[in-house]
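Could you build the full structure based on these sequences and the hints that come with them?
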Amino acid sequence: MSMSKQHAAATSSSTEGASMDAQLFDAAISGSIAEMQHLVLREGPDILLGTTSEGNTCLHISSIFYHLGFSMAALVHNKPLLSIGNSYGETPLIVAVKSGHAVLAGKLIDECMMANLSEMIIHRDLNGDTALHHAIRHGHKVLALQLINTEPNLSRMVNIYNESPMYIAVMRGFNDVFELLMEINDSSHNGAYGDNILHAAVRNGNLEVVAGTSRSYCSRRVGSGETGQSGSNGANLHTADWRCDGRDRRQRLGLGLVVSVDINQNPRLARGRTRIVETILQSRPALAREINKSGHTPIQYAVCRNQTSVIKIMLQHDRSLGYLVDSSQEDSPLLVYAASRGNIDAAQEILVHCPDARYCNGAGLTILHQAVIEGHVKFVQFVLLNRQLNKLINMRDNNGRTALHHAVRNCNPKIVRALLDHPDIDVRIYDNEGRPAFWQLIEAKDSEKSLNWIEVFMLMSKADPQATSFYVRQIAMDKKNEKSKNQIKSLTTTYRKTTSLVAILIAVLTFASAFSLPGGYRETEGLPVMARKPAFKAFLISDTLAMCTSLAVVFICILTRWEGLEFLLYYRSVTQRLMWYAYITTTVAFATGIYTVVAPQYLWLAILIVSLSVSVPFLTYLIGNWPELKLRYRLGSVESPTFFYTFFEGQYL
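Going by this note's numbering, the sequence shown opens with residue 1, and the numbers climb by one from there.
Incorrect hints may have been included.
Ranges between beta-carbon positions, derived for each pair [to be verified]:
#1 Ile184 to Gly295: 24 to 34 Å
#2 Ser118 to His353: 47 to 57 Å
#3 Gly69 to Ile184: 34 to 44 Å
#4 Ser320 to Glu628: 47 to 57 Å
#5 Lys462 to Ser611: 33 to 43 Å
To be clear, the hints were calculated from the coordinates, so they are not data collected in a lab. Fair warning: this is a prediction, and the values are worked out from it, not measured in the lab. Built from N, CA and C at the ideal position, the CB exists for glycine as well.
What follows is the structure in structure tokens.
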């Protein structure tokens with residue numbers, strides 16, 4: 001019977017059938033055989049055919065609640081119950097399987113065979129799933145094996161998502177179910193999104209250990225946890241499988257969780273995966289070259305996931321798989337996929353079996369280009385240290401750019417340094433627009449004047465001083481003038497407001513402290529009590545300097561001309577220096593004033609206060625300029641005039 005006819009039959013049976021008797025409904029829920037038999041004696045066996053608004057019969061209800069005795073007793077009175085589907089197209093067999101009652105489902109299978117209702121075993125619900133689909137998906141391996149042996153035709157059926165039972169078995173890692181399905185010659189190997197079983201085996205990690213964590217094992221106690229859970233209350237399947245109904249303390253279903261173990265570091269798990277892959281390659285080798293809807297082959301999945309054991313098996317089976325390219329991604333070969341993910345192990349495995357494998361895509365991007373673009377430093381180092389790949393160092397893409405061009409454009413100092421350290425590097429290769437690698441800094445607008453940009457600038461200036469000199473003298477000035485025209489107004493307003501506000505605050509504080517001298521005044525003469533002490537004289541001098549310099553900054557911000565670029569650079573430099581003087585002298589005035597009063601009684605405390613106060617400006621400078629100082633130290637270019645020119649131009653602009 002076709003799927004459409006089955007669905008029509010299920011719908012008609014659920015809508016046209018009589019409503020279920022209320023007493024029968026209660027009996028099905030409670031599993032009361034006596035009550036059910038009483039109703040049959042009184043009303044006849046056809047009363048059992050009544051349905052709920054959802055099309056469920058009493059056999060559906062009893063299957064949900066796992067009333068085995070009630071279900072068998074109902075079938076004694078009325079066998080047609082086996083063939084009635086509810087509004088979801090589910091027969092009692094499918095309901096029993098989905099509810100997790102494998103024993104009851106096995107009994108229903110036997111009843112179907114005895115009643116010559118084998119078509120009910122291959123019945124599909126509205127999603128096209130058969131009892132076998134649900135048995136495998138819910139982890140009932142024994143039941144799945146029984147269904148396959150009873151009705152081999154189930155192996156050929158796919159649901160509306162194009163998922164075959166074999167595909168689901170591979171996804172779950174059920175080796176025994178998979179192997180039994182493989183023995184059926186015309187069994188379907190289709191999967192969702194155009195995948196086949198080999199895609200699933202590679203992508204989803206089919207491990208022997210997963211087969212040991214099926215539902216039959218989920219009832220065991222493990223450690224202090226229950227129902228297949230660990231002591232931390234995490235479901236066993238959360239570590240290796242991704243289709244389990246168990247939940248951990250954070251209410252996470254095993255469904256949707258990816259494999260959380262490193263397959264390459266666990267030989268047993270790797271063997272579990274490669275066992276399925278080997279079986280598929282031996283029985284159905286053509287699947288290795290099939291592409292899914294995204295245009296990917298199984299070996300591309302293995303490379304992207306760095307599954308070296310799977311890659312090794314596939315290339316040993318068919319070396320030509322290492323030369324496949326992805327036409328949907330600019331003819332990208334496997335090595336480019338490995339480079340884009342930074343998977344060194346996968347690249348090494350490919351090179352072992354296919355030493356002349358393609359290393360660039362249709363855009364001319366080599367694996368070195370790709371690793372540089374994606375920022376995989378370790379993969380870049382792997383290429384640079386591999387003599388087999390030395391030819392890639394200065395290779396150009398279709399735009400004429402080398403890997404160094406891309407590294408400079410991305411402002412990645414680690415990769416730039418690694419490339420420049422290679423003895424074969426040529427820093428003066430021009431791209432199709434006649435630009436050397438150094439000029440890519442001009443295009444790096446998002447990173448301009450950042451620490452990475454400055455570090456790359458310094459590295460390239462050492463490697464190509466001629467290009468650096470031209471950049472500094474020509475391009476920097478052009479960009480400075482262009483930028484100054486667009487931003488000088490906002491920069492001037494912001495800087496003047498902030499600087500004048502701080503300067504006024506310092507001036508007010510220092511002016512007030514001049515009339516509230518430390519130690520006070522003599523009542524008779526009106527002179528300061530501490531006038532003869534050196535610390536007091538230092539207080540007066542530093543307080544005066546702080547007030548004068550801060551007032552100078554205030555009036556410079558108010559009275560001077562700030563519109564032109566030259567005025568901006570000059571006055572900003574002057575006011576910055578004056579503000580530093582005001583800051584330093586203010587802290588000195590505070591320290592000497594406290595020292596004058598406290599020292600006669602607590603000399604140690606006075607010295608401590610002076611030390612802390614005087615060190616504040618130095619700590620401020622160190623903290624504020626720490627990234628720059630650290631960069632200078634790393635580059636060893638403290639006295640580089642080019643560095644200071646570039647950096648401070650960036651600060652002013």
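Hint check results:
Distance hint check: the CB atoms of Ile184 and Gly295 are about 30 Å apart, consistent with the given range 24 to 34 Å. Between Ser118 and His353 the beta carbons are some 48 Å apart, a value that agrees with the proposed interval 47 to 57 Å. A hinted range of 34 to 44 Å holds for the C-beta pair Gly69 and Ile184, which are about 35 Å apart. About 55 Å separates the C-beta atoms of Ser320 and Glu628, a value consistent with the hinted range of 47 to 57 Å.
The supplied range of 33 to 43 Å is met by Lys462 and Ser611, whose beta-carbon atoms lie about 41 Å from each other.
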